[in-house]
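Visitor: Given next are the chains, with one letter for each unit.
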Amino acid sequence: MDWFLQQLINGLALGAIYALIALGYTMVYGVLRFINFAHSDVLMLGAYSAYFLAPAVEKVAPLPSVTGAVIVVLLSAIICAGIGMLIEFLAYRPLRSRPKLTVLITAIGVSLFIEYTCQHKAVFGADTKPFPRLLGESDLHLGGLVIGSNDLLVLGVTVLLLAGLWFIVQRTKIGTAMRAVSFNQQAAALMGININRIISFTFGLGSALAAIAGILYAIKAPGIDPLMGVQPGLRAFVAAVLGGIGNLPGAALGGLLLGLLETFAGGTPGLSNYRDGIAFAILILILLFKPAGLLGKATVEKV
Amino acid sequence: MTSMNGAKRWLLAGIILAVVVSQFSGQFNRYYLGILVDIGINIILAVSLNLINGHTGQFSLGHAGFMAVGGYSAAKFTLVVAPMVPESLQPLLFLVALILGGLLAALAGVAVGVPSLRLRGDYLAIVTLGFGEIIRVVVQNMESVGAASGLKGIPKETTLGWTFALAAITIYVVAALVNSTYGRGFIAVNDDEVAAGSMGINPVRYKVTAFVIGAFFAGIAGGLYAHHKQFLSPTGFDFLKSIDIVVMVILGGMGRTVGVIIAAILLTLLPEVLRQFADYRMIIYALLIIGLMIARPQGLFTFGKRKGAAT
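Residue numbers (the working numbering), protein chains in the order written: chain A, 38 to 340; chain B, 13 to 323.
Hints were generated in silico from the structure; no laboratory data involved.
In this text, a Cβ means the ideal position worked out from N, Cα and C, and glycines have one as well.
Any given hint could be a false lead.
Unchecked claim - Every beta carbon over 12 Å from chain A, so not counted as near; a handful from chain B, in silico:
(1) W22
(2) A30
(3) N65
(4) S100
(5) A123
(6) R130
(7) T140
(8) R148
(9) S156
(10) V185
(11) L278
(12) E284
(13) V285
(14) I306
Claimed, not checked - 30 Å max Cα-Cα, derived DSBU-like pairs, lysine-lysine:
(15) K137(A) with K257(A)
(16) K168(B) with K241(B)
(17) K257(A) with K96(A)
(18) K253(B) with K137(A)
(19) K327(A) with K210(A)
(20) K166(A) with K241(B)
(21) K168(B) with K158(A)
(22) K168(B) with K253(B)
(23) K210(A) with K96(A)
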């Protein structure tokens, strides 16, 4: 029983990070209908921003401390939001009216570009760097259970961000515009919505979430390197598809499910080596029965 | 179809040329010889993926997975059986190994093709990507093929003759198939699946056929690769390898056989040319992809109209 609850907690904490990343994928897919492969690299840039910001912030606010951590996270999120908007402006906007496949390949190109540029020794270098401590850590013992403060932090931050995102999308003017663009771009433009601004905003928002997810991931991981985003990015991408891509609650659900699956598979003897494959195997199985994802709506092609 | 006999003659000429050149290959510089074999293998990979991605329009990101299945099974077969067979039968054995690898990869093609019946676009791309990852993870955990440390000591059997003869056969089979009455269905499915279905073409059958044939040749390429490098590791068949092959198809122009062959040659040579800028190689490669997609998304080598296409 303890084992089960322990895995549940670990799985939820991991799944929460996946959910945060998956939201970025799914938001971009919602408005532009393509998979932004570079999203996982924005996550990595988020972690590196925090890495470089931490020493500077330490002069203003002590680290590890809540104030310092919040400043670092906010600044990193702003930087990454800018990077996300820049990527959209430079690489994706010229291709707005092109076939989806063209944009998909471009996204792969952008992703490779960021990864290999950052691995160059004049930029970050390919080696793993230790991530600075932003917050104090302590373990909570409940009977035989160990709940790390980091796990609680990840879950808390994710819930908070999800609520915030839900508020933005459902209750604000710009969120309404996002939904309109996602529903029908041309009609939205006819109603006086500035499409470019909305798409730019979506990229900024998604990239900010990715940056925060990257920092949370880095806090739990032993170190950061330029390829650190690839694996969580791929998982989150699977999570987004699992939940039904383009669907925000679906992305959150998919992320949590995937995190739980991975932890339970990883904690089961004999299966642990296959955890990378299991996520994909489950995905394929689910898509066989629900081709549009768990919460996605099946569309009928009209002639 | 009138040129079919001509095509057969070209095929025969290509195979003979490959075998003849192979006889003189001892005089070539080993480095250039290695690159030539790499080119041949990449032509097989790109042309076979072109059948799936280009002609049939099923975006697949898992071609390296098929290559891995073929490569590992062919190599394992050679390692187990070769010591028991006399020297004179070795070339025959190699052929058996290659075909076995191809058949097993084709079987994997069925496994991917069947889910693809219900999926399209991005969903299919992610399933094929996932499939490639699953193969990598399975191979990484199989002690019998060396697990993560890789499969070593594969005999060197791949020659210029084998590689280019098989490349010629691949090109011929794919081209003849697509240009046949039956094969027009691939292009019909690519152009408009619903319309093709209403004209009595069974899109499901064509999609699975494309996956099976494409996977078969990818498996053959994997076998050639294994007996060329004499070493296989799971990381050699990751997502990036699939992307490499996809880029060849895109650069050459989807569904343009000649363009794809030129692209395969150029993209194999590019890393060699850029070797002195090793630090910048992948950065340049990435910029090339982005620039190409912005400037010429239909591919570099697309001259004239595609045969049989409406536009």
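Visitor: Next step is simple, just say for each hint if it's right about the structure.
Guide: Hint check results:
no., hint, in the structure
1, W22, "holds (31 Å)"
2, A30, "holds (32 Å)"
3, N65, "violated (9 Å)"
4, S100, "holds (42 Å)"
5, A123, "violated (9 Å)"
6, R130, "violated (4 Å)"
7, T140, "violated (10 Å)"
8, R148, "violated (8 Å)"
9, S156, "holds (15 Å)"
10, V185, "holds (25 Å)"
11, L278, "holds (16 Å)"
12, E284, "holds (18 Å)"
13, V285, "holds (17 Å)"
14, I306, "violated (5 Å)"
15, K137(A) with K257(A), "violated (36 Å)"
16, K168(B) with K241(B), "holds (8 Å)"
17, K257(A) with K96(A), "holds (24 Å)"
18, K253(B) with K137(A), "holds (22 Å)"
19, K327(A) with K210(A), "violated (33 Å)"
20, K166(A) with K241(B), "violated (34 Å)"
21, K168(B) with K158(A), "violated (37 Å)"
22, K168(B) with K253(B), "holds (22 Å)"
23, K210(A) with K96(A), "violated (38 Å)"
Hints 3, 5, 6, 7, 8, 14, 15, 19, 20, 21 and 23 from the earlier list are contradicted by this structure; the remaining hints agree with it.
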